[in-house]
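Engineer: Next come the chains, spelled out residue by residue.
Protein chains: 2
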Amino acid sequence: MNKYTDATEEEINNTMQSAWDAFNIYRKYSLKQRADFMRAIAAEMEAIRDKVIPVAMQETHLPEPRLQNEFARTIFQLNSYAAYCEQGAWLEARIDTALPDRNPPKPDIRKTLVPLGPVIVFGASNFPFAYSTAGGDTACAFAAGCPVIVKAHPAHAETSEMVAAAIDKAVQKSNLPKGVFAHIHGAGFETGKMLVMHPYTKAVGFTGSYAGGKALFDMANQRKEPIPVFAEMGSINPVYLLPEKLQQSAAEIARQYAASVTLSVGQFCTNPGLIVGIDGDGLQQFITALGNEIRNIAPSPMLHPGIAKAFAVNRTKALTQKDVDTIAVAAASAKENDGIPTIASATATAFLNNPVLHQEVFGPYSIVIRCKDAVEMSSVIQHIEGQLTSTVIGTDSDIQLHKALIEDIQLTCGRLIFNGVPTGVEVCLSMQHGGPFPATTDSRFTSVGADGIKRFARPVSYQNCPDIFLPEELKNKNSLGIWRTVNNELTRNRVAG
Amino acid sequence: MNKYTDATEEEINNTMQSAWDAFNIYRKYSLKQRADFMRAIAAEMEAIRDKVIPVAMQETHLPEPRLQNEFARTIFQLNSYAAYCEQGAWLEARIDTALPDRNPPKPDIRKTLVPLGPVIVFGASNFPFAYSTAGGDTACAFAAGCPVIVKAHPAHAETSEMVAAAIDKAVQKSNLPKGVFAHIHGAGFETGKMLVMHPYTKAVGFTGSYAGGKALFDMANQRKEPIPVFAEMGSINPVYLLPEKLQQSAAEIARQYAASVTLSVGQFCTNPGLIVGIDGDGLQQFITALGNEIRNIAPSPMLHPGIAKAFAVNRTKALTQKDVDTIAVAAASAKENDGIPTIASATATAFLNNPVLHQEVFGPYSIVIRCKDAVEMSSVIQHIEGQLTSTVIGTDSDIQLHKALIEDIQLTCGRLIFNGVPTGVEVCLSMQHGGPFPATTDSRFTSVGADGIKRFARPVSYQNCPDIFLPEELKNKNSLGIWRTVNNELTRNRVAG
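Going line by line, the protein sequences match chains A and B. The numbering used here numbers the first residue of the first sequence as 82 and each following residue consecutively. The numbering used here numbers the first residue of the second sequence as 82 and each following residue consecutively.
A couple of the hints might just be wrong.
Heads up, the list lumps identical chains together, so a pair's fine if it works in one copy or across two of them.
[As the list claims (entries may be wrong)] Straight-line C-alpha distance at most 27 Å; calculated BS3-like pairs for lysine-lysine:
(1) K305 with K274
(2) K132 with K109
(3) K484 with K556
(4) K398 with K416
(5) K250 with K390
(6) K295 with K274
If you are wondering where the hints come from, they were derived from the structure by calculation, not from laboratory data.
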């Protein structure tokens with residue numbers, strides 16, 4: 082499936098040495114230089130758009146409009162993170178000026194963020210552009226001042242290779258050391274392991290399965306020097322249907338959710354895999370309508386045979402659990418490697434007693450959990466693992482009535498959506514894409530939006546540092562015009578002295 | 082040494098259940114309510130000052146002025162973190178308003194920080210007040226909205242008990258649920274392990290040895306749900322002496338460093354345990370002067386017999402390494418459990434070839450490393466493990482001349498000090514107390530200064546959230562008057578709509 086050979090240990094050692102050497106140059110680059118480099122990558126990407134999209138279509142079986150959108154999003158990420166990088170507020174510059182007359186004298190202390198070092202990025206199978214080679218993790222690491230080593234996803238190795246060549250061009254045109262970016266192939270587990278364990282590796286970005294992300298997390302913590310792993314793993318993205326709203330618009334919500342469950346053959350990390358409602362006419366109408374919608378949605382090819390096989394196995398496993406009813410299956414016949422749209426249902430009691438029903442079935446599948454009442458729904462919420470998103474469907478009066486319940490839902494997720502669908506992750510500063518474990522390995526950071534830059538940096542304080550050595554953003558004159566906290570006040574003013 | 086009995090598993094389970102119940106109330110408290118609670122603790126602390134300081138003197142052998150200072154610092158931390166908590170900028174509120182006419186429509190998204198959950202704080206032996214029961218970690222967790230469970234340090238259990246009683250009073254007077262704070266005794270390893278492994282525990286704060294911190298970190302990562310551990314562990318805080326400055330002021334620097342090495346019997350995490358200079362007259366004068374100073378400083382009792390014994394063992398181990406010269410030892414005779422001020426010296430070659438010389442000798446000990454030239458100093462820097470602080474002693478022209486070298490030093494530490502001593506950690510927003518591993522387990526956060534609050538919180542996004550459910554800091558009207566980033570612009574204005 083992959084014409085590229087796995088990197089050898091020697092190649093990886095050479096790659097990491099080059100990355101480290103490049104780090105010692107790139108980390109001193111100004112914010113503007115980093116932003117220019119990121120914009121250069123965006124420009125080189127634009128230049129390959131027409132050539133790379135057909136290759137990605139072939140490798141991933143995703144349709145052209147979906148890939149065109151994702152490609153545009155990738156360019157937007159590079160450009161918007163570049164703008165945010167340059168603007169400098171993310172450095173959280175803090176300055177406390179000296180008080181020489183205090184007893185004891187207070188020194189001058191100034192703090193900014195510095196890059197961690199070379200970052201390994203694992204390409205995601207379901208986002209060949211936006212969360213792969215030149216995707217969000219890569220853009221964030223470059224903005225932070227870190228070299229990037231991409232481990233290509235074997236299911237779209239050719240797409241990855243073409244994007245890597247575009248980045249290489251941008252590296253050359255920006256007169257950056259070659260080692261600032263590297264692209265490594267490796268179909269097996271060993272390549273990733275060697276990269277994560279290398280002493281010059283200082284952080285890891287990953288989007289994929291729980292098993293994969295957790296293995297990287299464990300490895301990284303067993304290093305002599307543990308390093309942070311930002312793994313975005315599985316999520317079933319629960320949707321909670323509140324009674325009044327369901328009574329009003331069961332059919333409309335069903336239509337919306339049939340589309341969301343099957344969007345891109347259900348291959349989004351924010352796919353709604355679990356729908357929780359309170360028994361009654363409204364829920365019954367919703368289930369019937371959702372079933373009717375799903376029957377009319379055709380099976381479609383999944384990303385690669387491995388994912389299709391896993392979907393088939395996990396779907397069968399879920400449907401054959403005790404007290405699980407199959408509500409609807411796509412009526413049209415399916416080809417090999419197709420994902421078959423499917424809706425199941427079970428009682429809250431069954432859900433609470435069976436951990437299998439909490440597991441993600443990656444693909445166009447969702448299970449509707451029927452609760453006797455709000456108390457039972459609350460019980461379900463208490464037993465939900467960490468999630469990327471949770472969604473509440475309710476009228477204002479539903480929300481007012483179930484405030485405590487929604488406050489408990491919020492404990493379990495990184496993003497709380499009202500009256501919408503979880504699929505569709507807006508790239509903006511207010512986005513949190515990262516939830517409590519096991520949704521991600523570090524809920525304190527996001528992998529979407531420019532705040533993701535902070536994953537790859539750490540604070541350093543400079544005490545009584547002469548002006549000649551201070552980083553530009555901490556010098557008195559504030560030539561970058563950035564927001565800084567000076568003696569506890571946020572300001573863009575220069576510091577007197 | 083400890084009249085208190087270790088908590089049983091049942092007591093710990095009950096404590097954690099109470100903490101969880103309290104969390105579900107306390108996490109909804111407003112910033113002002115949290116700040117008022119912290120100020121109430123400060124007031125109760127003031128009330129016990131005269132009673133608790135003599136007890137701490139007896140338990141820790143630290144002199145009264147040192148403990149009075151530390152007590153004042155503890156009160157200052159509570160009050161200043163309360164003020165910062167209330168002011169709200171730390172929530173990093175971000176608002177992106179909806180664009181309903183965009184295709185597809187852009188939803189309204191707003192992000193703030195929410196508390197992680199119950200936090201275990203391990204008291205530090207060397208800071209019975211400022212990094213123990215009502216210390217920095219406790220203050221940060223309360224500000225973030227988290228309940229705190231303190232594991233008392235057995236070496237000052239009585240002091241800890243008295244401070245815990247003061248916090249309990251503040252809990253009562255603030256009408257908070259009892260479970261918001263708990264105080265647990267446990268001389269053995271098992272108590273700490275049970276606390277860290279409990280499913281309701283969501284984060285850990287620790288200040289102490291590498292062995293202790295690393296054990297907690299490993300445990301926390303092996304949980305079913307891994308949790309963050311902020312362990313501030315050992316550090317040798319290297320000091321780099323540059324030639325011109327040394328030539329000018331060897332004697333003065335020696336005086337300053339003799340005091341810093343022996344301050345509080347060398348029992349600070351920022352104690353300068355390694356001094357690196359370039360061979361020549363200046364360095365020779367410095368070593369001679371430092372030796373003379375050290376001989377005149379009297380041995381003093383260490384915190385507890387365990388620490389005194391470890392110092393004796395590690396000091397002997399260091400002094401008996403190949404090619405290590407003992408430069409000076411305090412002339413006055415020492416009593417049992419005294420720390421004996423000691424200076425050793427070795428060549429850079431010896432240092433580079435012997436990892437034992439990189440290890441912390443916790444107490445009044447420092448080793449001077451003699452480099453042939455700046456190239457050899459650079460080699461030493463390449464082999465330095467992560468540090469809380471590094472210090473550069475140099476004239477402006479020294480700094481200009483050795484800019485690349487200092488940029489490499491900065492890679493290895495959380496705080497870079499110029500022409501000062503590392504002891505003395507200012508409590509202010511610009512302080513970074515946390516360096517690359519093994520100085521701390523997470524270099525991206527600080528344990529000193531109000532930014533430490535962020536250790537115990539995570540971001541949550543609210544998408545299309547009705548006003549009735551939005552947290553106060555995200556509502557259009559901005560009733561708290563806090564700085565927020567609205568559509569990529571930092572502002573205190575209300576949001577239109």
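Engineer: Hints first: check each against the structure and report whether it holds.
Structural biologist: Going down the list of hints, with the structure as the test:
{"no.": "1", "hint": "K305 with K274", "result": "both (14 Å within a copy, 22 Å between copies)"}
{"no.": "2", "hint": "K132 with K109", "result": "neither (35 Å within a copy, 53 Å between copies)"}
{"no.": "3", "hint": "K484 with K556", "result": "between (48 Å within a copy, 16 Å between copies)"}
{"no.": "4", "hint": "K398 with K416", "result": "within (20 Å within a copy, 71 Å between copies)"}
{"no.": "5", "hint": "K250 with K390", "result": "neither (38 Å within a copy, 60 Å between copies)"}
{"no.": "6", "hint": "K295 with K274", "result": "both (12 Å within a copy, 22 Å between copies)"}
The structure fails hints 2, 5 (numbered hints given earlier, in ascending order).
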